[in-house]
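**Q** For reference, the chains in residue letters:
There are 2 protein chains.
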Amino acid sequence: MTSRTPWQLAQRAHRMNPSIIREILKVTEQPGIISLAGGLPSPDGFPVDAMREATARVLRDTPREALQYASSEGLPALREWVAAMLRGHGQQVDAAQVLITTGSQQGLDLVGKVLVDPGSRVAVESPTYLGALQAFAPYEPVFTAVDCDDDGPLPDALHTAEGARFLYLLPNFQNPSGRCMSEARRAAVVARAQALNLPLVEDNPYGDLWFDAPPPPPLAARWADGTVYLGSFSKVLAPGLRLGYVVAPAPLVPKLLQAKQAADLHTPGFNQRVVHEVIRDGFLDTHVPTIRARYKAQRDAMRAALEAHMPAGCRWTVPTGGMFFWVELPANVDAIALLPKAVANGVAFVPGAAFFAEQARANTMRLSFVTVSPQQIERGIRALAAALKEAA
Amino acid sequence: MTSRTPWQLAQRAHRMNPSIIREILKVTEQPGIISLAGGLPSPDGFPVDAMREATARVLRDTPREALQYASSEGLPALREWVAAMLRGHGQQVDAAQVLITTGSQQGLDLVGKVLVDPGSRVAVESPTYLGALQAFAPYEPVFTAVDCDDDGPLPDALHTAEGARFLYLLPNFQNPSGRCMSEARRAAVVARAQALNLPLVEDNPYGDLWFDAPPPPPLAARWADGTVYLGSFSKVLAPGLRLGYVVAPAPLVPKLLQAKQAADLHTPGFNQRVVHEVIRDGFLDTHVPTIRARYKAQRDAMRAALEAHMPAGCRWTVPTGGMFFWVELPANVDAIALLPKAVANGVAFVPGAAFFAEQARANTMRLSFVTVSPQQIERGIRALAAALKEAA
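Going down the list, the protein sequences come from chains A and B. Position 370 of the first sequence, counting from 1, maps to 369 under numbering that gives the first Met the number 0, and the rest follow consecutively. Position 326 of the second sequence, counting from 1, maps to 325 under numbering that gives the first Met the number 0, and the rest follow consecutively.
Note that these hints are calculated values from the structure, not bench results. On a predicted model such as this, the values are computed, not experimentally measured, just so you know. Take every hint as true, because none was put in to throw you off.
What the simulated footprint calls covered on chain B by chain A, stretch by stretch (three residues with Cβ under 8 Å from a Cβ of chain A suffice, anywhere in the stretch; the number is not a length):
1) 44-50
2) 106-113
3) 128-135
4) 240-252
5) 259-272
Each residue gets a CB set at the ideal place from its N, CA and C atoms; glycine is no exception.
Sequences are here, hints too, so could you generate the full structure?
**A** In structure tokens, the structure reads:
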């Protein structure tokens, strides 16, 4: 801004940045590019017919309620549904602890708003979800990256997070790494966190997208008082409705609620009623398996293509759910430098560096397998491997 | 929280409070109470049939786009519609300056996030919209209340706001006072603000709800570079969709957009498409006049009832649009103490004290005339007057 502008930005505004992923997505939306960059669920899985029937019912039976202002906590029936569903996964949850949010991204924003002071520490996995870094950053924390292996945070590394306001983790099919924490690792991490008095923020957008067996129970089931749990309808229904939820220990609920009220009064009541109408009678029990089957076939296609085409020195672990492969390239390859060459070859990915709060590893990339067909995956991975070989 | 909790709240959390209005509304939702307390638009004005047709069309023609993640800026067609509509009201607006928000409450939150530092000053009218105080408070400003008369902020009082990050105003049928700034006052306020290099945040949820003549052009039409303008579909369509917009000077747009992205990624694309489908062909040109006519009749009923029943020493100005009467009681009457007596008599209102950032005037109240019938208004005001006479 010029010196004549009357506007003065807040200090925190300097911590806000354009999403690198969104910038990449713009470049890769050219026709002819096979995008393995997106984090979007497949629209083939959107339950359009069920949505059509549910919206018609809501606008027939409760139009005035659906279109009027509503409570900041969320629709009582939907909060009850979430609480009952989570109890089925082993959590002790009362509906009074559930706040409906405008996507789980808003849950991250509210957590940051209520818990993070400028200069306070926030611990994250390495790598971690970029959107969480973006949600927390405006509250000006100092990020601490906890060392991880293919099974999640290393219990012996947790002491580096001592004194942080919380440790943020995605135990199930993490974005970007695809990894799922084992039962033993969950037990060890929670025990260490409790010993350190280090609370947890557990984000679970992908937990229902398992391919062979459900993931172990959430961390919140082991330490309810010390865990804020975030969930979402984006991956099992549709993200365009922007519906998520926060489950918080009772003492945190009033402040999260006040922050929610100040942020947008409430999540659209219309959307809450439509989603509750869709899911109330067990719809997800038959719908989610169809998404799992589709994503599993695409995961298999990407595994086969990676094995067939990637040059020596690349490493990946096969994800057992979710949406992503995480690939480590030879140590001397910079994925950011590789991207334009890959795009010239007709394929796009997200360089991994964006997902690190500190000590970014330049030789990593995230590959999504959910919005592309098996045939496109095969072509895309072949083109990516060719770009890698040219760069070597 | 007990001393054993692992959670530590951010400093700003102590600036968050439960909404007094929402607490009052809970009390007054008892059957048999005539509530003049609500700020809710009348559900009789919700365009249910148009919504039904629009949702069916959106889910038939663009279901995958409507249910997928969407751009943080908002639906391009809706941004264009907003820009064109505002140009029709005399503003110079390009669609690139328009961000779609999750209700205009989110616009207030984003403005606070991007512009307010702890300890910085934010100037507001006296009284002002409580929801704005709640949106800005978590960013820890010091509030300055600018002296006002029945025509809005006094130009000669604006110097008390010098150095503030912005002056927040509602020029049209203000919540809570109902007042509408005259053309001359707008000119004088903008001239003084420009001279002081004091930027403006102009909130306009009620501008379309005029009864006899449209209000003068917005402040943003006089000082585009120095004004952030907020609008909403809540009062002309339905609040349950949570759709609003921010129009910002170009240099502020990227930071507001980044803040938006971090806050909830984007406003539900489904809702944006449905609303655009409803309004694209001039629907509001015939719909809004029906709301105006309804509210005007109810305003007339409240004016008549106030004149017929209120005891001497009470003062009000008849609003020329919007949803509220603002009543000044005799100087010795405390509206907060009066409320339980009024509720015992079967009527509820909002004590005015909540709407002051400083120097609250206890002898004031806000009366809403939009969700109650003329008959209920007559009964409610009679009951209120009786409670006042008992208290005297």
